[in-house]
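Q: Throw the hints in and build the complete structure from the sequences for me.
Residue numbers (this note's numbering), protein chains in the order written: chain A, 117 to 510; chain B, 117 to 510.
It is possible that some hints are incorrect.
Identical chains share a label here; the pair holds if one copy fits it or two copies do between them.
[As the list claims (entries may be wrong)] Derived lysine to aspartate or glutamate pairs resembling EDC-like cross-links, with alpha carbons at most 16 Å apart: (1) Lys278 to Glu350; (2) Lys195 to Glu457; (3) Lys195 to Glu253; (4) Lys168 to Glu443; (5) Lys405 to Asp482; (6) Lys480 to Glu374; (7) Lys206 to Glu217; (8) Lys195 to Glu443; (9) Lys135 to Glu393; (10) Lys173 to Asp215; (11) Lys473 to Glu507.
In short, the hints are calculated from the structure, not lab data.
Number of protein chains: 2
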Amino acid sequence: MNLAIPKGFLFSTTEASIKKPGRPDLALIYSDTACVISGMFTTNRIKAAPVKHNIKKIKKGLAQAIVVNSGNANACTGKQGLKDVAEIVKMVGNLLKLDPELIYVCSTGVIGIPLPMDRIRQRIPILVKDLGSSTIEDVAKAIMTTDTFPKIVTKQIRISEKAIKIAGICKGAGMIHPKMATMLCFIMTDADIEKVALDTSLRTAVAQSFNRITVDGDMSTNDTVLAMANGRSESSKIELFSEDFRVFTSALREVTYELSKLIIEDGEGAKKLIKVEVLNASTERDAEKIAFSIANSMLVKTALYGNDANWGRIMAAIGYSGGKIREHKIDIYLNGLKIVEKGIGTGRDLEANEALKNREIFLKVDLNIGSASTKVLTCDLSEDYIKINAEYRS
Amino acid sequence: MNLAIPKGFLFSTTEASIKKPGRPDLALIYSDTACVISGMFTTNRIKAAPVKHNIKKIKKGLAQAIVVNSGNANACTGKQGLKDVAEIVKMVGNLLKLDPELIYVCSTGVIGIPLPMDRIRQRIPILVKDLGSSTIEDVAKAIMTTDTFPKIVTKQIRISEKAIKIAGICKGAGMIHPKMATMLCFIMTDADIEKVALDTSLRTAVAQSFNRITVDGDMSTNDTVLAMANGRSESSKIELFSEDFRVFTSALREVTYELSKLIIEDGEGAKKLIKVEVLNASTERDAEKIAFSIANSMLVKTALYGNDANWGRIMAAIGYSGGKIREHKIDIYLNGLKIVEKGIGTGRDLEANEALKNREIFLKVDLNIGSASTKVLTCDLSEDYIKINAEYRS
Numbered sequence: 117m118n119l120a121i122p123k124g125f126l127f128s129t130t131e132a133s134i135k136k137p138g139r140p141d142l143a144l145i146y147s148d149t150a151c152v153i154s155g156m157f158t159t160n161r162i163k164a165a166p167v168k169h170n171i172k173k174i175k176k177g178l179a180q181a182i183v184v185n186s187g188n189a190n191a192c193t194g195k196q197g198l199k200d201v202a203e204i205v206k207m208v209g210n211l212l213k214l215d216p217e218l219i220y221v222c223s224t225g226v227i228g229i230p231l232p233m234d235r236i237r238q239r240i241p242i243l244v245k246d247l248g249s250s251t252i253e254d255v256a257k258a259i260m261t262t263d264t265f266p267k268i269v270t271k272q273i274r275i276s277e278k279a280i281k282i283a284g285i286c287k288g289a290g291m292i293h294p295k296m297a298t299m300l301c302f303i304m305t306d307a308d309i310e311k312v313a314l315d316t317s318l319r320t321a322v323a324q325s326f327n328r329i330t331v332d333g334d335m336s337t338n339d340t341v342l343a344m345a346n347g348r349s350e351s352s353k354i355e356l357f358s359e360d361f362r363v364f365t366s367a368l369r370e371v372t373y374e375l376s377k378l379i380i381e382d383g384e385g386a387k388k389l390i391k392v393e394v395l396n397a398s399t400e401r402d403a404e405k406i407a408f409s410i411a412n413s414m415l416v417k418t419a420l421y422g423n424d425a426n427w428g429r430i431m432a433a434i435g436y437s438g439g440k441i442r443e444h445k446i447d448i449y450l451n452g453l454k455i456v457e458k459g460i461g462t463g464r465d466l467e468a469n470e471a472l473k474n475r476e477i478f479l480k481v482d483l484n485i486g487s488a489s490t491k492v493l494t495c496d497l498s499e500d501y502i503k504i505n506a507e508y509r510s
Numbered sequence: 117m118n119l120a121i122p123k124g125f126l127f128s129t130t131e132a133s134i135k136k137p138g139r140p141d142l143a144l145i146y147s148d149t150a151c152v153i154s155g156m157f158t159t160n161r162i163k164a165a166p167v168k169h170n171i172k173k174i175k176k177g178l179a180q181a182i183v184v185n186s187g188n189a190n191a192c193t194g195k196q197g198l199k200d201v202a203e204i205v206k207m208v209g210n211l212l213k214l215d216p217e218l219i220y221v222c223s224t225g226v227i228g229i230p231l232p233m234d235r236i237r238q239r240i241p242i243l244v245k246d247l248g249s250s251t252i253e254d255v256a257k258a259i260m261t262t263d264t265f266p267k268i269v270t271k272q273i274r275i276s277e278k279a280i281k282i283a284g285i286c287k288g289a290g291m292i293h294p295k296m297a298t299m300l301c302f303i304m305t306d307a308d309i310e311k312v313a314l315d316t317s318l319r320t321a322v323a324q325s326f327n328r329i330t331v332d333g334d335m336s337t338n339d340t341v342l343a344m345a346n347g348r349s350e351s352s353k354i355e356l357f358s359e360d361f362r363v364f365t366s367a368l369r370e371v372t373y374e375l376s377k378l379i380i381e382d383g384e385g386a387k388k389l390i391k392v393e394v395l396n397a398s399t400e401r402d403a404e405k406i407a408f409s410i411a412n413s414m415l416v417k418t419a420l421y422g423n424d425a426n427w428g429r430i431m432a433a434i435g436y437s438g439g440k441i442r443e444h445k446i447d448i449y450l451n452g453l454k455i456v457e458k459g460i461g462t463g464r465d466l467e468a469n470e471a472l473k474n475r476e477i478f479l480k481v482d483l484n485i486g487s488a489s490t491k492v493l494t495c496d497l498s499e500d501y502i503k504i505n506a507e508y509r510s
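A: Here you go:
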């Protein structure tokens, strides 16, 4: 992979046997220069301790290091959870000689078990000492839980004659649902950008990527997207709503969109990538309701898994979505094949069953009553989802 | 089974090979006396042709026959679907010498394929001729789709010294979600009851039974509950809000509750019956949001299937439900065992895993912030759900 790694970022990973031994599960992302940082967090009312911690800090908008662990979410761990985050911040701050305000902590994994602080305490000095010895891919691997592959997207753009690099890594394969970032995601860039511009850019990018995907409709307690910009490219400063801002936001959106696609491709047990597009709805809100109703329908997802163009289930999901529709105006297409016209089957189900054998499914619903539209990404639902999740802890 | 069959009801069933040959799939329920009828129907905006037909009629509130088929939902079939319903009504009316206004039609099965009217036309005369030759159990069997057993509940009560019988049958194992009756259900009684009293009684009973269950969160296009009362018990007339009304409603609620429990026990691929109770919420609406959020969580359902007391997933589902909570006040019990206290695990997960090996799971969430409560029934999620639904049409 030819990765565009932004200047000034260093990485390290180590094995703290957080859930079980055998793989690196603790990582450090460090910038040699203080960064502007923006963040978006789960809207779940139950938030993990590190999420609570980060939310408190994010307004100040400065950061230089992120400590991440997989294997344990540090959620539903009460005061102990918050104390553990504070201790990690303090240790890393001392070792890096950084203001603790510049250090963020993220966790992902099983909920409800306190962090194994004895082992984490032991490994943190090694993590700091080894800074620079790991690659961004090592970090992407260390933050995996049920993911089957590391997720990295990088992009290079030019702003004021300077090359700017944006790198994003993320993890997340289950408990994926919108209403905010839907997993852990870390964006690093050497752009020089105002805090308010980075905030807006990130919000725009997330709205059109991570908030448009769903695996199982379950929303996690730990979802976090953090974007750090250290200015090391020496480009001119990107200001809100400038032309540079537009270019940067567009690139950031591509990075987050590609990452969100990787998450769906790696959806737990997923065999197919499904794009659901709803066209010509009365309002954007209606289009979203209908698209997510289809994308979250277990009956639709199992039918697509079984290569069965069972469009009746799609119609049912449209009908109970709460979005405004007229049954006799609905057209549905599966991979370009019109299977429903004016609310009635076109009799091309056998052809459509064949078309479903593709790994990528494009399901288009034309409501023909307005002009609003939306797109959502999801995956099918196979026996493997059940296997993975019935056995996740054991 | 010792069934209390209400006086004056006759049944017949026949095989019309609607989806495939090999089993009775067309049934007739007939009362020798005109009945008061009440009905509740799916709130899905896409309604099957027979549902549209029945909704038009139900206000008049009189009935004497119901024709039901399984194997085909007659949904998303456009004008042809409505014409087919009208033809069935006309044929049965002619043969039974009944006003067509007294005849209702229900369908369940695959969506989007026109009814095989040639075969249905052929079998209707036989259905009418054979009236009285089938039992209520035969009808309960004929309306099954993916159900693995017929669902019948009967009950006898006394009103004004007369024995009154209530019999209910239903089908439904997938596409089960509340917001109205959640399958096909037919209630027959020989009570003499005012239309308005039967309406109210049925609404109350359904609110506390069928609207409190969920299998997969998918709401069907065909959900229907019809209750017919023919007065043949010669009891005095049951009037709204009388003592007799109270007794009747309580019995009807027991019948519908028992039926809804049978549906969950037969949930597609279900291995366990799960009762979710939410206590001490701020409002009843909050309690419902939280209970259904847990009951519909694929991650909770797969964990319970895997005998894994993974309460973190329950906490996450509580958190994203939208209901008001205070994390540090939440207690959770699994089959009486306190696994979460004040938002934190009690460390009794191994004991709880053992307790989960029961076929019946009682999951109690005490929010400790108000006084509203609710109960919901659901089932776990196993590989068999996927198998059944990936292969349903083929």
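Q: Each hint: holds or not?
A: How the hints compare with the structure:
| no. | hint | verdict |
| --- | --- | --- |
| 1 | Lys278 to Glu350 | within (7 Å within a copy, 93 Å between copies) |
| 2 | Lys195 to Glu457 | between (57 Å within a copy, 13 Å between copies) |
| 3 | Lys195 to Glu253 | neither (33 Å within a copy, 58 Å between copies) |
| 4 | Lys168 to Glu443 | between (45 Å within a copy, 13 Å between copies) |
| 5 | Lys405 to Asp482 | within (14 Å within a copy, 31 Å between copies) |
| 6 | Lys480 to Glu374 | neither (21 Å within a copy, 41 Å between copies) |
| 7 | Lys206 to Glu217 | within (10 Å within a copy, 78 Å between copies) |
| 8 | Lys195 to Glu443 | between (53 Å within a copy, 12 Å between copies) |
| 9 | Lys135 to Glu393 | neither (39 Å within a copy, 32 Å between copies) |
| 10 | Lys173 to Asp215 | within (12 Å within a copy, 74 Å between copies) |
| 11 | Lys473 to Glu507 | between (29 Å within a copy, 14 Å between copies) |
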